[in-house]
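Peer 1: With chain A's structure known, arrange chain B on it following the hints.
Chains A and B supply the protein sequences, listed in that same order. Under our numbering, think of the first position of the first sequence as 1, with each following residue one higher. Under our numbering, think of the first position of the second sequence as 1001, with each following residue one higher.
Hints in this document: simulated from the structure, not taken from any laboratory. It cannot be assumed that every hint is accurate.
[Claimed, not checked] Chain A is nowhere near these chain B residues, computed Cβ spacing over 12 angstroms in every case:
no., residue
1, Gln1028
2, Phe1033
3, Ser1034
4, Gly1070
5, Ser1090
6, Leu1091
7, Asn1094
8, Pro1096
9, Ile1099
10, Asn1122
11, Met1128
12, Met1153
13, Glu1157
14, Leu1167
15, Ser1171
[What the hints assert, rightly or not] Straight-line distance between alpha carbons at most 25 angstroms, and here's what the computed PhoX-like set of lysine-lysine pairs gives:
no., chain 1, residue 1, chain 2, residue 2
16, B, Lys1086, A, Lys314
17, B, Lys1173, B, Lys1003
18, B, Lys1048, A, Lys273
[As the list claims (entries may be wrong)] Quick partial rundown of chain A residues pointing at chain B, CB under 8 angstroms, derived from the structure:
no., residue
19, Gln289
20, Phe290
21, Leu291
22, Ile333
23, Arg335
Computed from a prediction, not measured in an experiment: that's the story for all the values here. Backbone N, C-alpha and C define an ideal beta-carbon position, used for all residues, glycine too.
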Amino acid sequence: MEFKFEGRLKRVTQVLMAIGATALVGGFLTDTSDHHQRWWANLLINGFFYFSMALAALFFYALQYATESGWSAVLKRWFEALWGFLPWGAAVIVVVLVAGKLHLHHLYHWMDHTLYHEYMVEAGDHVDYVDEMVEGAVLNPNYDHVIAGKAAYFGDAFFWLRTLVYIATFLIFARLFRKWSLQEDEAPSLDLHYKQFRRSALFLVFFAVFSSTLSWDWIMSIDTHWFSTLFGWYVFSGMWVSFMIFTNVSMIWMRSKGYFQEVSESHMHDLGKWMFAISMLWSYLWLSQFLLIWYSNIPEEVTYYMSRVLGDYKVPFLLMFFVNFAVPFYVLIARDAKRNPRFVIPVAILIFIAHFVDVYLLVIPGTMFDHNHFGFFEVGLFLGFLGLFMNRTFATLAKAPLLSKNHPMLQESMELHY
Amino acid sequence: MSKIFHVMYDDDAKVMAAASELVGQGVQVKDVFSPFPIHGIDPIIGIKRTRLAICSFMYAMTGTSLAILGMWYFMIQDWPMNIGGKPSFSLIENIPAFIPVTFEFSVLCGAHGMAITYLLRNGTLPGMPASNPDPRTTDDKFVVEISTDNNSMSADELEAAIRKTDLLEISIKDA
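Chain A extracted, bound-state conformation (with noise of 0.2 angstroms):
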């Protein structure tokens, strides 16, 4: 069945957009914090959470290939639709970097560059910073040791170079896989099957390293003292079970509709068994992260869990981490709920908020600390990026058959059983 992104899938998208664009400007204007700092937060949260979800479609895309998985198959270009936001979200990352490299906000503390240097010498109306003892240099009173020492890794030319490579390398993937896909269609080619096997291969090491490094970049760097070597995988594991909760949901909701019956049951079943396994990944690396610093108690890590765990963002924070384990480990671990509707929709949906409150926390208690508002605005705008996601994802999803053709593990994925 033709898949044709019109109607009433459409308007929602787009009454959703509507109020994303409404709590954009209307947030902009009654947002009273210094430099608005709570909308660029939100810009940020929702720009993040998005994006990660459509990087996790590319990532589970090549993980597919490489290991020559052939239950997937048929769900190939629900992947490669999820792409279609891949751009829409870079975007909104790099509008705020470069606001904050304007210094229109302070989310990042490590962009102020009087940070850097050990002392300055007044010079008339402005101060000149510089790094050695001077004829008449004082003491910089804004001087950080610690963020001083990670200069190198947030100069300019290295830290734009680090994005525009992450960026470029999804989008530039995402193209090519999504091209030769296409041209399977049309004539069968094994060498174009092995072709996207390796570069799947190649796609998963960048993969590793820029999933790491883009969450230090543009979420760990928000708390710049702090760091933490197992964050890469922790917002992997997140956006990774984000990913496959829309994916779930959404499948389920195409089935209704009679898009997709190549689907199996057998296929709804590892679905909610991914959306499963993946919520405890994510459990177990939020533990070890959190257990070690807890333990070790170390001032400079610790001070990260203050606020989340002692602080205004306790109840939160605290909820949040249960409902995303305990809620997916009772009601989903049994076989028959992961196979039934009314199990896994309010399961997912109470997962995805939680997740999305997940970045949420990764990003506010670091920005606005202890004056933190949440309101129709930080709704309006989830919403808002929702329509979008849905709206692009839909859009591509229109573009192409839903089943691919030629595909060699297609019959494979056609056939699996459970």
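Peer 2: Showing chain B alone in chain A's frame:
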């Protein structure tokens, strides 16, 4: 006098085909012996889904409870411990430190309980007598067991139906 048929096949696909054919004619298949699990044979011959997973969950929950109870007694009640510079002496505040042990003990109990239950239920604990009709089913042959006891057909009718399938050999015993 009831009879037991042991029908041997040399390929799992042939077993599947034969089983669906026989079941289609209303024959009750008692069991299938195979050197490896044959995917999709269970619903054909009407084997109920295993409840091993439920057992495993209960064993693991027992492990969880025992681990938490044990650590509460050792570390909080009997000899209060200062854990990671946090002398709270409270189970709930120290629970993060107890999670790894709780997890490991749950896995230990779940896995061992499940393995022992499986071996007991199948009668394959070390030293138990083998119950498969032909030792070749542990190598590369497949045996379908059909008994006249739970079938309404007569022995001759059954044999005729069985002979139509792509079998290797057949042995008929009086039960």
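Peer 1: Looking back at the numbered hints, which does the structure fail to meet, lowest number first?
Peer 2: 7, 8, 9 and 19
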